[in-house]
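Colleague: These are the residues of each chain, in order.
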Amino acid sequence: MIEVTDLTVRYGGVTSLDGMNLHFDSGVCGLIGPNGAGKTTFFNVLSGFVRPASGSVTAFGDDLLRMAHYRRARWGIRRTFQTEQAISALSVYDNVAMIHSALRGSARRADVLAAIEFVGGGISPSARVGSLTAGQRRLVEVARAVTGKPRLVLLDEPAAGLPDTETEHLTGVIKNIPEHTGALTILVDHDMSLVSAVCGTTAVLDFGKLIASGPTAQVLRDENVMRAYLGTAEVI
Amino acid sequence: MIDTAGPKAPPSPRLLSRPDRPTLTRAVVITALLLLALFALPPLMNGYYTDTMTQVAIYSIVTLGLGLLVGRVGLYSLGQLAVLIIGAWTGARLLFGTGQPFILVAIEAGLVTMIIGSLITLPALRMRGLYLALITLMLAGGVIVVEATLNFPNGGGGFSGYNGSTVHIPSIRRPSFAGTDPAYYRFSVIVAIVMFLLVFAHLRTRPGRAWAAIRQSEPSALAAGINTTFYKLWAMALASFVTGVAGALLAGADRYLYSINFPIQNSIELLAVVLMGGVFSLTGAVIAAFLQAFLPSALYQLWGVPDDWLIILFGVGVMQVLVTAPGGLADQFPKDMRRLYGLISMLWRRPAGAHHAGAPASGGSALSGTASGTKGGDAT
Numbered sequence: 188m189i190e191v192t193d194l195t196v197r198y199g200g201v202t203s204l205d206g207m208n209l210h211f212d213s214g215v216c217g218l219i220g221p222n223g224a225g226k227t228t229f230f231n232v233l234s235g236f237v238r239p240a241s242g243s244v245t246a247f248g249d250d251l252l253r254m255a256h257y258r259r260a261r262w263g264i265r266r267t268f269q270t271e272q273a274i275s276a277l278s279v280y281d282n283v284a285m286i287h288s289a290l291r292g293s294a295r296r297a298d299v300l301a302a303i304e305f306v307g308g309g310i311s312p313s314a315r316v317g318s319l320t321a322g323q324r325r326l327v328e329v330a331r332a333v334t335g336k337p338r339l340v341l342l343d344e345p346a347a348g349l350p351d352t353e354t355e356h357l358t359g360v361i362k363n364i365p366e367h368t369g370a371l372t373i374l375v376d377h378d379m380s381l382v383s384a385v386c387g388t389t390a391v392l393d394f395g396k397l398i399a400s401g402p403t404a405q406v407l408r409d410e411n412v413m414r415a416y417l418g419t420a421e422v423i
Numbered sequence: 416m417i418d419t420a421g422p423k424a425p426p427s428p429r430l431l432s433r434p435d436r437p438t439l440t441r442a443v444v445i446t447a448l449l450l451l452a453l454f455a456l457p458p459l460m461n462g463y464y465t466d467t468m469t470q471v472a473i474y475s476i477v478t479l480g481l482g483l484l485v486g487r488v489g490l491y492s493l494g495q496l497a498v499l500i501i502g503a504w505t506g507a508r509l510l511f512g513t514g515q516p517f518i519l520v521a522i523e524a525g526l527v528t529m530i531i532g533s534l535i536t537l538p539a540l541r542m543r544g545l546y547l548a549l550i551t552l553m554l555a556g557g558v559i560v561v562e563a564t565l566n567f568p569n570g571g572g573g574f575s576g577y578n579g580s581t582v583h584i585p586s587i588r589r590p591s592f593a594g595t596d597p598a599y600y601r602f603s604v605i606v607a608i609v610m611f612l613l614v615f616a617h618l619r620t621r622p623g624r625a626w627a628a629i630r631q632s633e634p635s636a637l638a639a640g641i642n643t644t645f646y647k648l649w650a651m652a653l654a655s656f657v658t659g660v661a662g663a664l665l666a667g668a669d670r671y672l673y674s675i676n677f678p679i680q681n682s683i684e685l686l687a688v689v690l691m692g693g694v695f696s697l698t699g700a701v702i703a704a705f706l707q708a709f710l711p712s713a714l715y716q717l718w719g720v721p722d723d724w725l726i727i728l729f730g731v732g733v734m735q736v737l738v739t740a741p742g743g744l745a746d747q748f749p750k751d752m753r754r755l756y757g758l759i760s761m762l763w764r765r766p767a768g769a770h771h772a773g774a775p776a777s778g779g780s781a782l783s784g785t786a787s788g789t790k791g792g793d794a795t
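Residue numbers (this note's numbering), protein chains in the order written: chain V, 188 to 423; chain R, 416 to 795.
No wet-lab data here; the hints were simulated from the structure. Even for Gly, the Cβ is constructed at its ideal location relative to N, Cα and C. A hint or two may mislead.
[As the list claims (entries may be wrong)] Examples of chain V residues lying across from chain R (beta carbon under 8 angstroms, computed): (1) Y198; (2) F236; (3) H256; (4) Y257; (5) R266; (6) Q269; (7) I274; (8) S275; (9) L277; (10) D281; (11) M285; (12) R331.
[Unchecked claim] One side only, chain R facing chain V, incomplete, derived with CB under 10 angstroms: (13) G576; (14) N578; (15) G579; (16) A627; (17) A628; (18) T644.
With the sequences and hints as input, model every part of the structure.
Modeller: Right, here's the structure in full:
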């Protein structure tokens, strides 16, 4: 459960998030919107890279904004980035085990190996990430996101640039994240077929404001949403 | 029965870290070289080269520390000369002022340097790239000014341990078991080995992985729960510690320390040789030490070339590294050798008439040599 209230982020004169309100319960939830709508900014607020001007974010009863950014991973926030961030110099195992979690010793090892197995793609834990294909490296990032008891998984355009077959595989993986980990998963993507395939609930951002939220199919048919995407009118 | 392994065990990270053949080969080569340096070399060298090689051993610790900062954490520090001066000063002061064993003094010099080095770079850690380089260069300048005023200890009293007399200056003492130059050379090599092992142990464990994450991307490291400031400070502390130990060693090697021996241009030279040697590997640190301490002496001794010429050579070298060989000599040299080997074996086989069998095979090996080294990875 995540509850966002009146979240505002300003970069100088630009208001990137403008009193955003959002409520997600559980499962995989989509967050969509045109370029510049504030989706990644929202993720950056959750990660602690951006300090909001005002507003609050409560997740599972904890005030996220009060936590130091590097502590949020221990709390259970996991995230992937638009650009690929798997560490090419380390092995797949070390990449995934990097996430600082409460688990230690053999429990941690089992958890890491389970995460690598969960994402599939025939990735060997001992392989060096630099030697993998782009699709496999994406999966390693997803594995990093599902290891060590995550509570909130943020996926920022995980399917960007992937061929259809790999997107299909990734779709299945993302769909299973809540069941595998129990984490609330938020997916940002422009691929509407991916969003409608995995997200039960979807929210739409435009100019830093929430303009629609609800069951995915319903939201995608919403007139305001279509207008926002086609860019024909300012939504009031 | 061929299959004696039994049922396949599930992949375990312990098994994964079992050394493969290249690692073993490398270990054997390194051990052989070290044995050569420790036992075969000293009887062959005259006094001049014994001194020079002692400097190489000591400077390899300095370049090890700087390589750690640049290659693992992306901190371009021009202040390592200042850190070395602090270590040398502290070491000399303790050697004059106390009767403690040399090794203990070296460790203490390392610890003092670690604390001072970490404290003064703490604010600088918020910066990266050019600004960090500038701040650390100013730090080096500042330390050199302070040091020139304070002077290195020469057996005098008070905090500075300096007296202005020019006669009867006692020399800085050495350990009792390493009083002679060859013995001190061996001692320096052994201390250098210990420092390399210390850094190696860090690279293979949690801090090493955290540094790899920070080098790849700081936001991603933060998102993975890595306290990047803490781990950068750790890298700085470790680099300062080993450099401080090197400073104490240098005090014992030179026996008399003068500020004129630490010109500020050495700050920049150090970064240049570290980049040229290769920042992604420990071998690079050794190569850098040879460039810094051996090359000038050898050029001067053999051909009378003044070492100012090296500045030009280093400038070209750094340019070449930045443009074509980010892994430095440590990465580039084996690649070139493999390519050369491929070329030679191709030429060798052609006259034998094995046109279609020989040429593609050797061509392939040359190609694979290129491909395997394209990422200036984690060769240690």
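Colleague: Restraint: G576 of chain R near chain V, CB-CB cut 10 angstroms. Satisfied or not?
Modeller: Violated, because the Cβ-Cβ distance from G576 of chain R to chain V comes to roughly 43 angstroms (cut-off 10 angstroms).
Colleague: Given R331 of chain V as an interface hint, is the shortest Cβ-Cβ distance to chain R below 8 angstroms?
Modeller: 7 angstroms, holds
Colleague: Take the shortest C-beta to C-beta distance between A628 of chain R and chain V; is it under 10 angstroms?
Modeller: 5 angstroms, holds
Colleague: Can we keep the Y257 of chain V interface hint, with Cβ of chain R closer than 8 angstroms?
Modeller: 4 angstroms, holds
Colleague: Does the nearest C-beta of chain R fall within a distance shorter than 8 angstroms of the C-beta of H256 of chain V?
Modeller: 5 angstroms, holds
Colleague: Interface hint check: G579 of chain R, Cβ to nearest Cβ on chain V, cutoff 10 angstroms. Holds or violated?
Modeller: 52 angstroms, violated
Colleague: Taking 8 angstroms as the limit, does the beta-carbon of M285 of chain V come near enough to a beta-carbon in chain R?
Modeller: Since the shortest Cβ distance to chain R is 5 angstroms, the answer is holds.
Colleague: When the nearest CB of chain R is found for D281 of chain V, is that gap smaller than 8 angstroms?
Modeller: Result: holds, 5 angstroms to nearest chain R Cβ.
Colleague: Let me know if the C-beta of L277 of chain V comes in closer than 8 angstroms to any C-beta of chain R, holds or violated.
Modeller: Where the cut-off is 8 angstroms and the nearest Cβ of chain R is about 5 angstroms from L277 of chain V, the hint holds.
Colleague: Would the stated hint for A627 of chain R survive a check requiring a Cβ distance to chain V of less than 10 angstroms?
Modeller: At about 5 angstroms, which falls below the 10 angstroms cut-off, the nearest Cβ of chain V leaves the hint on A627 of chain R intact, so it holds.
Colleague: Would you settle whether the hint for T644 of chain R is holds or violated, based on the nearest Cβ-Cβ distance to chain V being less than 10 angstroms?
Modeller: 8 angstroms, holds
Colleague: Should the hint that N578 of chain R touches chain V count as held when the rule is a Cβ pair under 10 angstroms?
Modeller: 51 angstroms, violated
Comparing the model with each numbered hint stated earlier shows that hints 1, 6, 13, 14 and 15 do not hold.
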